[in-house]
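Enquirer: So the chains spell out like this:
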Amino acid sequence: MAVPKRKKSRSRTRSRRAQWKAAPLTLVACDRCQETKRPHTVCQNCGTYDKRQVLAV
Amino acid sequence: MPAPKKGPRLGGNGTHQKHILANLAKSLIEHERITTTEAKARQLRPFVEPLITKAKKGDLHARRQVAATLELRNTPFYSGRDTLFKLFEEIAPRYAARPGGYTRIVKLGPRRGDNAPMAIIELVEPLTVAQEATREAEAATKRAVKENEAKAEAAPAEDAAPVADEVTETEVADEVEDKVEDAAPKSDEA
Chain L
1 MAVPKRKKSR
11 SRTRSRRAQW
21 KAAPLTLVAC
31 DRCQETKRPH
41 TVCQNCGTYD
51 KRQVLAV
Chain A
58 MPAPKKGPRL
68 GGNGTHQKHI
78 LANLAKSLIE
88 HERITTTEAK
98 ARQLRPFVEP
108 LITKAKKGDL
118 HARRQVAATL
128 ELRNTPFYSG
138 RDTLFKLFEE
148 IAPRYAARPG
158 GYTRIVKLGP
168 RRGDNAPMAI
178 IELVEPLTVA
188 QEATREAEAA
198 TKRAVKENEA
208 KAEAAPAEDA
218 APVADEVTET
228 EVADEVEDKV
238 EDAAPKSDEA
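First to last, the sequence lines map onto chains L and A.
With the numbering used here applied, the first sequence has no gaps in its numbers, which climb one by one up to 57 at the end.
With the numbering used here applied, the second sequence has no gaps in its numbers, which climb one by one up to 247 at the end.
Looking at chain L on its own, in the form it has when it is part of the complex (with noise of 0.2 Å):
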């Protein structure tokens, strides 16, 4: 069976995982409230959308 010959160096393995990031995350301001909240999705805060309430607060 096919096998690694070496061992992976931690720097080599930290070079690899350096790449791993959190993208930012998009935010709105909520039309209502002005909270920030996610784009087309329901205002948590105010449980508005689209000037709907939707969601009881």
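Any given hint might turn out to be false.
Claimed, not checked - In silico DSS-like cross-links for lysine-lysine, where the CA-CA straight-line distance does not exceed 30 Å: (1) L:Lys51 <-> A:Lys199; (2) A:Lys164 <-> A:Lys143; (3) A:Lys164 <-> L:Lys21; (4) A:Lys75 <-> L:Lys51; (5) A:Lys83 <-> L:Lys51.
Unchecked claim - The following label-pair restraints were derived from C-beta to C-beta distances: (6) L:Val28 <-> A:Lys62: 29 to 35 Å; (7) A:Arg192 <-> L:Val28: 27 to 33 Å; (8) A:Leu184 <-> L:Asn45: 28 to 34 Å; (9) A:Thr110 <-> L:Arg16: 51 to 57 Å; (10) L:Asn45 <-> A:Val202: 31 to 37 Å; (11) A:Asn172 <-> L:Asn45: 16 to 22 Å; (12) L:Ala23 <-> A:Ala96: 18 to 24 Å; (13) L:Glu35 <-> A:Phe142: 39 to 45 Å; (14) A:Leu184 <-> L:Thr26: 33 to 39 Å; (15) A:Glu89 <-> L:Ser15: 50 to 56 Å; (16) A:Thr132 <-> L:Leu27: 46 to 52 Å; (17) L:Asn45 <-> A:Ala154: 32 to 38 Å; (18) L:Thr26 <-> A:Ala96: 19 to 25 Å; (19) A:Gly69 <-> L:Asn45: 34 to 40 Å.
Read the hints as simulated data drawn from the structure, not as lab findings.
We put the beta carbon where it would ideally sit given N, CA and C, even for glycine.
With chain L's structure known, arrange chain A on it following the hints.
Expert: Just chain A, lined up with the frame of chain L:
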């Protein structure tokens, strides 16, 4: 080879997917508004809307077809009669004036735990009298414009044919536009 259906597939196999969709549809009819994952909501919409359209026909055949799709069977614990009754006698008349588009999907964002994007799918409100009037007026205007365009296209083609060498294309286009503008207000009044 048959091409797979568009969008995400639910459940483990085809029958499982059918059961999931039927159960979601039953819940939606019963509660009129359910919270589920966005993928399920998106699959549910083209599943229930034809059922509502069927229910608007209201005959026995439609009733049996809907009952079969919703997998309504008489069991000691659950009878689908209430669901079917509600769909045909309550929901269908509400949408008599609405040509499809009976549901609304609103996104809620990711769920805690598995980060699945969630959504609310709900039956929309019936059209108000004012909305219906606006819709009809808009449709009438569209029809009138279309008819005028058809007339305008037919008329200059006959007139312009003999003198085509002298009349440039831009002039013809201007004439057509003028005719459409003149004709549009008249049809609105009528």
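Enquirer: Compare the structure with each hint and give your call.
Expert: Here is what the structure says about each hint:
Distance check on the hinted pair: L:Lys51 and A:Lys199 sit about 29 Å apart at the alpha-carbon level, within 30 Å; holds. For a cut-off of 30 Å, the pair hint linking A:Lys164 to A:Lys143 stands: about 27 Å separates their Cα positions. A hinted pair counts as satisfied when its Cα atoms are at most 30 Å apart, and A:Lys164 with L:Lys21 qualifies at roughly 26 Å. At most 30 Å may separate the alpha-carbon atoms for a hinted pair to count; A:Lys75 and L:Lys51 exceed this at roughly 35 Å.
A hinted pair counts as satisfied when its Cα atoms are at most 30 Å apart, and A:Lys83 with L:Lys51 qualifies at roughly 29 Å. Taking 29 to 35 Å as the suggested C-beta distance range, the pair L:Val28 and A:Lys62 conforms, at roughly 33 Å. Hint check: A:Arg192 to L:Val28, Cβ distance near 31 Å, so the stated range 27 to 33 Å holds. One distance hint, 28 to 34 Å for the beta-carbon pair A:Leu184 and L:Asn45, holds here, with the actual separation near 31 Å.
The given range of 51 to 57 Å is respected by A:Thr110 and L:Arg16, whose C-beta atoms sit roughly 54 Å from each other. In this structure the hint that L:Asn45 and A:Val202 lie 31 to 37 Å apart at CB is violated, the actual value being about 44 Å. Checked against the hint of 16 to 22 Å, the C-beta distance between A:Asn172 and L:Asn45 comes to roughly 20 Å, which is consistent with it. Separation of L:Ala23 from A:Ala96 is about 21 Å and conforms to the stated range, judged on CB atoms against 18 to 24 Å.
For the pair L:Glu35 and A:Phe142, the supplied restraint of 39 to 45 Å holds, since their beta-carbon distance comes to about 43 Å. Under the hint 33 to 39 Å, the C-beta atoms of A:Leu184 and L:Thr26, about 34 Å apart, fit the expected range. The beta-carbon spacing between A:Glu89 and L:Ser15, approximately 55 Å, falls within the hinted interval of 50 to 56 Å. For the hinted restraint 46 to 52 Å between A:Thr132 and L:Leu27, the CB-CB distance of approximately 48 Å keeps it satisfied.
Under the hint 32 to 38 Å, the C-beta atoms of L:Asn45 and A:Ala154, about 36 Å apart, fit the expected range. Between L:Thr26 and A:Ala96, the C-beta spacing of about 20 Å keeps the proposed range 19 to 25 Å intact. At about 38 Å, the beta-carbon gap between A:Gly69 and L:Asn45 stays in the expected band of 34 to 40 Å.
The structure fails hints 4 and 10 (numbered hints given earlier, in ascending order).
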